[in-house]
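S.K.: Following the hints, position chain H with the ligands against chain E.
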Amino acid sequence: MLKDQDKSPSSGAEHAKSTNLTEVNGDVEMLSGGDMVARALEEEGVEFIFGYPGGAVLHIYDALHRHSSVPHILVRHEQAATHAADGYARSTGKTGVVLVTSGPGATNAITGIATAYMDSIPMVVISGQVQSHLIGEDAFQETDMIGISRPIVKHSFLVKRTEDIPRIIKTAFYLAASGRPGPVVVDIPKDITAPAYKAPFDYPAEVSLRSYAPAEKGHSGQIRKAVELLLRAKKPMIYAGGGVIQGNASAALTDLVRHLNFPITNTLMGLGAYPGSDRQFVGMLGMHGTYEANNAMHESDVILAVGARFDDRVTNTISKFCPQATIIHIDVDPASISKTVISHLPIVGPARPVLEEMLSQIKDIEAQPGIANRVDADAIAKWWATIDGWRQKHGLYTQNRFDDSSENIKPQEVVQLLHELTDGKAFVTSDVGQHQMFAAQYYLFDQPRQWINSGGLGTMGFGLPAAMGVKLAHPDAIVACVTGEGSIQMCIQELSTCKQYNLPVLIVNLNNGYLGMVKQWQDMQYESRYSQSVYQDSLPDFIKLAEAYGHVGIKITDKKQLREQMQTAIDTSREQVVFVDVYVDPHEHVYPMQIAPDGAMNDMYLSKTERS
Amino acid sequence: MPTVDVDISTRRIISLLMENSPGALSRVVGLFSQRGYNIETLTVAPTDDVTLSRLTLITLCDDQTIEQITKQLNKLVDVVKLVDLTEGEHIERELMLIKVRASGEAREEIKRTADIFRAQIVDVTSSLYTIQLIGTQQKIDAFIEAVKGSNVIEVVRSGVSGIARGEKVLAL
Ligand SMILES: Cc1ncc(C[n+]2csc(CCOP(=O)(O)OP(=O)(O)O)c2C)c(N)n1
Ligand SMILES: [Mg+2]
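Protein sequence lines correspond, in order, to chains E and H. If you number the first sequence the way my numbering does, the last residue is 625 and the count never jumps. If you number the second sequence the way my numbering does, the last residue is 480 and the count never jumps.
Treat the hints as calculated values from the structure; they're not laboratory data. Incorrect hints may have been included.
Calculated pairs, DSS-like style, for lysine-lysine (alpha carbon to alpha carbon, straight line, at most 30 Å) [claimed, not checked]:
#1 E:Lys238 <-> H:Lys379
#2 E:Lys107 <-> H:Lys379
#3 H:Lys379 <-> E:Lys333
#4 E:Lys230 <-> H:Lys389
#5 E:Lys352 <-> H:Lys389
#6 E:Lys238 <-> H:Lys389
#7 H:Lys383 <-> E:Lys173
#8 E:Lys621 <-> E:Lys572
#9 E:Lys173 <-> H:Lys389
#10 E:Lys557 <-> E:Lys572
#11 E:Lys352 <-> E:Lys230
#12 H:Lys447 <-> H:Lys407
#13 E:Lys573 <-> E:Lys438
#14 E:Lys230 <-> H:Lys379
#15 E:Lys238 <-> H:Lys383
#16 H:Lys383 <-> E:Lys230
#17 E:Lys395 <-> E:Lys248
#18 E:Lys352 <-> H:Lys476
#19 E:Lys248 <-> E:Lys406
#20 E:Lys183 <-> E:Lys211
#21 H:Lys476 <-> E:Lys230
#22 E:Lys352 <-> E:Lys107
#23 E:Lys230 <-> E:Lys183
#24 E:Lys247 <-> E:Lys406
#25 H:Lys383 <-> E:Lys352
#26 H:Lys379 <-> E:Lys183
#27 E:Lys107 <-> E:Lys183
#28 E:Lys395 <-> E:Lys247
#29 H:Lys383 <-> E:Lys183
#30 E:Lys107 <-> H:Lys383
#31 H:Lys389 <-> E:Lys183
#32 E:Lys512 <-> E:Lys557
Bound-form chain E, shown alone (with noise of 0.2 Å):
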């Protein structure tokens, strides 16, 4: 039903003025409030709304149905609205739009809005509102929704006047996408959308606010520093994360990383930023990290540090970081540098430009003679002999870390072969739990934007919705949603979704009969005490349920047939929505794991017998 739609943005005005109605007054156009909403999503080129009715936001969708251009997906849970625009958003690098309703409306919708402020994802949440004259008097479906949403967003609008719309639609939409992204809500009050009232509607063309101004590049006398440290250093190591992917600066960090020869690490939410399968990359850091990541990190005398946060399921404690390490810490956001770690050199700048002026300032020094400003070649080759000595050792990438002569299908080969069967150029979402880190760990991604899930709140139920939205991005690509038989179930109610849109989705349930990642800490923090992460057989029949929902079923418990298997899986994902149900290993861990409390980054358990 989307096709037959015109999408392209310019074509909003002629579907305005052929419904009667629009008044013009003199050249300005006299809109309703709902007009104005449906014709400023227009004016921002938006391409899909994500969202679901209700009272307070009727006037908004009679207008959309009236004559919008933008389709609107109707999905079976606000939640879900957020998670597909979310993944939209992360996938295309554009603003995902969400309309709800007001009360359960709005605050359903709270989960994918922090879902998407702890992973700095640009987003627009409209929220309808009861009337004006009732705010404050606790009325039907009323609830606070500025102040509920309030520590999960960059900013946010209770939008008092019709006449405001344009103006903050726009500052809306600017707000979300610039500086450091993230959500940005605006609720409207029911009064405010009415078709009786209308005003001048005049979208601006630009914003600009007196109170906001993100950095557009970085001090070019701080990347000169930073340059002199990176020539000089023996042992350096680039820690990049999701800044660098919001921030479309994968290929600056590519080039940059090549011409030094450094070997590179990536956090979860940075996967992709450098190619997965190049020879630099040592895999992603932190608490699943590789050992070699750890371990190069730990003993570096030199971090750059790139749109990465230091975050605590990264650092492991924070008192015995890198010891050694200088560190340089590039990011748009001045609060991030020094947070938590404490940076020697901070940048306050988007990823890309300071990337690319520094590489411009090393080609620059390397152009004088003299071999001082070069970088010590020899230093670097010694450096990448020990690193070479740690993949040898216990690395993910040179040998199975898990025991593949199993006759139980492991997690981790499920994620190979779909890495294989999909020449590694799937679109892979995931949810939270062990499934995400195999997935992450052995899904090697070579592009940015390629692996979407939700890494700073860690929200089960992300993985299904934010492929829903990522399938409508890209439409002829295989999307694939690693999950998990507990995640799974978050949001499930999206497989009817996925039917009424025709998204074929490649759903891949690494069933391992548990809540897996709790139970992982019950084994090993609670003598394998299984508070609450048992379901006692009471999982669905997942063939039976994805069919009633039109779609189509395949259960894999047999190790021989699982490549063949997967196989038709992929191969019948180009036209259906598949859910391949696979029934791994229960008792596999995610290894490495970062010892806790009180280790260092390269204190790991390896397996469930080796610590480093």
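M.R.: Showing chain H with the ligands alone in chain E's frame:
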């Protein structure tokens, strides 16, 4: 393992200009509770430019925290400009209205104390004085200490406002 916190907190006066818009104040206050920062006093009012409010607050924290507080405050879209007044020479003032029992011999004694502090008696009944005092926090603390014996009935403090000395200004 429990660690012993060494208290290296210092008193900081943050003064900022923010949009005089609904929600702005709650975002500033919310930031403090959300991130576990402390607020000792808080005062806010519009400036000569009605689109701007000036907010002054006192927080007790260490150097790393004050850096985070100022960065996080600056990050709020409503916050236009900000200064840590305690970083330089500055003037700070607080207003107190205090109601004290003033009968018998105490009446004269309180009057004398008020004079010493250059406080003003702004309201009188046969048994009460309401006194207004403007000064630094220390001066106000000292006054309360001085009249304590004589039955303090009600104390209203405005919280500290401040301004930098000399050429330095916090304005658009
Ligand atoms: C909404 C939400 N609730 C609870 C958690 C805590 N949690 C993290 S992982 C996990 C288990 C996930 O189980 P499953 O989806 O089956 O994945 P597995 O670890 O078994 O691969 C839980 C409960 C969470 N991350 N999100
Ligand atoms: Mg599970």
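S.K.: Taking the hints in turn, state whether each one holds.
M.R.: Right, here's what the structure says about each hint:
{"no.": "1", "hint": "E:Lys238 <-> H:Lys379", "in the structure": "holds, 23 Å"}
{"no.": "2", "hint": "E:Lys107 <-> H:Lys379", "in the structure": "holds, 27 Å"}
{"no.": "3", "hint": "H:Lys379 <-> E:Lys333", "in the structure": "holds, 25 Å"}
{"no.": "4", "hint": "E:Lys230 <-> H:Lys389", "in the structure": "holds, 21 Å"}
{"no.": "5", "hint": "E:Lys352 <-> H:Lys389", "in the structure": "holds, 21 Å"}
{"no.": "6", "hint": "E:Lys238 <-> H:Lys389", "in the structure": "holds, 29 Å"}
{"no.": "7", "hint": "H:Lys383 <-> E:Lys173", "in the structure": "holds, 24 Å"}
{"no.": "8", "hint": "E:Lys621 <-> E:Lys572", "in the structure": "holds, 23 Å"}
{"no.": "9", "hint": "E:Lys173 <-> H:Lys389", "in the structure": "holds, 26 Å"}
{"no.": "10", "hint": "E:Lys557 <-> E:Lys572", "in the structure": "holds, 22 Å"}
{"no.": "11", "hint": "E:Lys352 <-> E:Lys230", "in the structure": "holds, 21 Å"}
{"no.": "12", "hint": "H:Lys447 <-> H:Lys407", "in the structure": "holds, 17 Å"}
{"no.": "13", "hint": "E:Lys573 <-> E:Lys438", "in the structure": "holds, 25 Å"}
{"no.": "14", "hint": "E:Lys230 <-> H:Lys379", "in the structure": "holds, 18 Å"}
{"no.": "15", "hint": "E:Lys238 <-> H:Lys383", "in the structure": "holds, 26 Å"}
{"no.": "16", "hint": "H:Lys383 <-> E:Lys230", "in the structure": "holds, 17 Å"}
{"no.": "17", "hint": "E:Lys395 <-> E:Lys248", "in the structure": "holds, 9 Å"}
{"no.": "18", "hint": "E:Lys352 <-> H:Lys476", "in the structure": "holds, 28 Å"}
{"no.": "19", "hint": "E:Lys248 <-> E:Lys406", "in the structure": "holds, 19 Å"}
{"no.": "20", "hint": "E:Lys183 <-> E:Lys211", "in the structure": "holds, 19 Å"}
{"no.": "21", "hint": "H:Lys476 <-> E:Lys230", "in the structure": "holds, 28 Å"}
{"no.": "22", "hint": "E:Lys352 <-> E:Lys107", "in the structure": "holds, 28 Å"}
{"no.": "23", "hint": "E:Lys230 <-> E:Lys183", "in the structure": "holds, 24 Å"}
{"no.": "24", "hint": "E:Lys247 <-> E:Lys406", "in the structure": "holds, 22 Å"}
{"no.": "25", "hint": "H:Lys383 <-> E:Lys352", "in the structure": "holds, 14 Å"}
{"no.": "26", "hint": "H:Lys379 <-> E:Lys183", "in the structure": "holds, 26 Å"}
{"no.": "27", "hint": "E:Lys107 <-> E:Lys183", "in the structure": "holds, 15 Å"}
{"no.": "28", "hint": "E:Lys395 <-> E:Lys247", "in the structure": "holds, 9 Å"}
{"no.": "29", "hint": "H:Lys383 <-> E:Lys183", "in the structure": "holds, 20 Å"}
{"no.": "30", "hint": "E:Lys107 <-> H:Lys383", "in the structure": "holds, 22 Å"}
{"no.": "31", "hint": "H:Lys389 <-> E:Lys183", "in the structure": "holds, 23 Å"}
{"no.": "32", "hint": "E:Lys512 <-> E:Lys557", "in the structure": "holds, 15 Å"}
The structure fails none of the hints (numbered hints given earlier).
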